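There are 2 protein chains.
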Amino acid sequence: MTPADLGALQRAGLTWFPSGQVALRGPLLRLAEACDGAFARLAAAFDADEERHPASLPADRLLRADYLRSFPHQATFPMRMVPEEANIEAFLDGRVLDGDGHVALAELSPVSDLLTPAACYHLFSAHEGEDLVGPLHLTTRNTCFRQEAEYVPLRRLWSFSMREIVCVGSKAEVEGFRQRVRACVDAFLQLIDLPIEWLTATDPFFQPQRNPKHLLQRLQPVKKEATYGGDLAIGSMNSHYDHFGVNFQISRDGEPAHSCCAAFGIERWLFAITDRFGTDPARWPALEDAAVQAAAMTMGARV
Amino acid sequence: MTPADLGALQRAGLTWFPSGQVALRGPLLRLAEACDGAFARLAAAFDADEERHPASLPADRLLRADYLRSFPHQATFPMRMVPEEANIEAFLDGRVLDGDGHVALAELSPVSDLLTPAACYHLFSAHEGEDLVGPLHLTTRNTCFRQEAEYVPLRRLWSFSMREIVCVGSKAEVEGFRQRVRACVDAFLQLIDLPIEWLTATDPFFQPQRNPKHLLQRLQPVKKEATYGGDLAIGSMNSHYDHFGVNFQISRDGEPAHSCCAAFGIERWLFAITDRFGTDPARWPALEDAAVQAAAMTMGARV
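Line order of the protein sequences matches chains A and B. With the first letter of the first sequence counted as 1, position 9 gets the number 225 in our numbering; the numbers rise by one all the way through. With the first letter of the second sequence counted as 1, position 2 gets the number 218 in our numbering; the numbers rise by one all the way through.
A portion of the hints provided could be inaccurate.
Unchecked claim - Covered stretches of chain B (in silico footprint by chain A; criterion: 3 or more residues with CB under 8 Å from a CB of chain A, positions within the stretch not fixed):
1) 267-276
2) 295-308
3) 358-369
4) 499-510
Source of the hints: derived by calculation from the structure; they are not laboratory data. Everything numeric in this text was worked out from a predicted model, so none of it was measured. The beta carbon of each residue, even a glycine, is placed where N, CA and C say it ideally should be.
Throw the hints in and build the complete structure from the sequences for me.
Here is the structure:
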């Protein structure tokens, strides 16, 4: 991103923090709300129930989801200092901050949670042990945390907003959902004139060559990314097969349930829309109207 | 809270996590949205500009805001393991989780940020160095983190949603804002028939007896809490005098700016409303309508 691009984004309401985070106000904040509103409209076309989950989830859940062993290098842990008086006094008697702005921590308490790495993990954990009588359609939004080697405004962030639409059900139900969401998202992108390519992708596993999940992703593509400008994934469709059904004992028709999610990284949509249409809000597409229309075109008159 | 109360809340959409967090769905999620919508209506009556800030902020900012030395026992730090391959391998070669569900961490990287302890700190930091030509009215919502000795569903949480309405300006402007917000909130509470008492409060400083800020709060009350049921603060009005104006070099008419905030803890409103009206949504008050009406009654025809 050139300084001129960043300047235009700042005038539209972006503040960029070197920690890999953004603040939003004015036009860009309204655009972020409109993006999420549009995704919520797409979710509504599937009668998806909304859930709001906490900022973190227990490490044992993420171990079961295979996250903790596959992406330990990206994890963020919410930690505290041992709250005993002597320990906090030791902190206050010390430097508090060192010369580099790092906190001069006293002894830390053990940690059992990770800050949310992807919004949908909460959903599988919340529906653990359920025997489904029909397909489950859910939607949720959360702030997600991923440690990276470097950060780029709106493109690669340490913390960002992710909206997901998820189906859990039989293999056929989930495959039908996958096809309909894909059609819905394609219609939406066409209506707002935002060109993307669907590319097969793999997740950034730690030591991918040694991780059987990475090998599986290469042999049997499970992740397709809606890629803007050749290299920016603004959405992804992820087929989990029965991975979460098995690990969270969610069943459908006596078998481990299958699942699939569509995930949208909201800040990346801000990048794509301002890159294509500029930073003048008058030139931005009417996202929520387009989502309603896309849903009606692909799903019939359900919305 | 009795098990029966918790059961009724669970049927209305609450999931309680022993980490001190909640998930919301169904009626309670819609009620949480309506609460925030109502507070946003009150903010709109002051033409407050909305800002959305990241999940964390730099420790040096919180040192300047006096948070890091006053509440180190409540702080949560977002930490990662040193990402070098050998360190992550050591983590994976270890137990990963111990028998208590604690993460068996390898070496941690230094940390420069704290997870947001109160939504308004971001605002003072974002407006650092500004020379105001008129009063600044802002509103923001964030997930806030406060470590406590124990947690109670909807009443005392480790992470929760806070909406704030803030004025930064001259002493007279801020005092006028404080009076109008207070009148607006009182009218709103009366319209929805939610009885509270405004009680003078102090913040939970570490070693309060040794903290001059705590002494100041006792001598010169700066914090009033809208207290439901005798002991639950569902909102607070905080007069900061020129504390943030001085520490973030925000000036008005050549003097350090004064500031004041009204803060609302959304999950506590869920407790108060369900405690008073029950868990049947048909009996809940129309919050957004009441907020519009309260604003019109106290502010004139600005909304």
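We went through each hint and held it up to the structure:
no., hint, verdict
1, 267-276, "holds (count 9)"
2, 295-308, "holds (count 9)"
3, 358-369, "holds (count 4)"
4, 499-510, "violated (count 0)"
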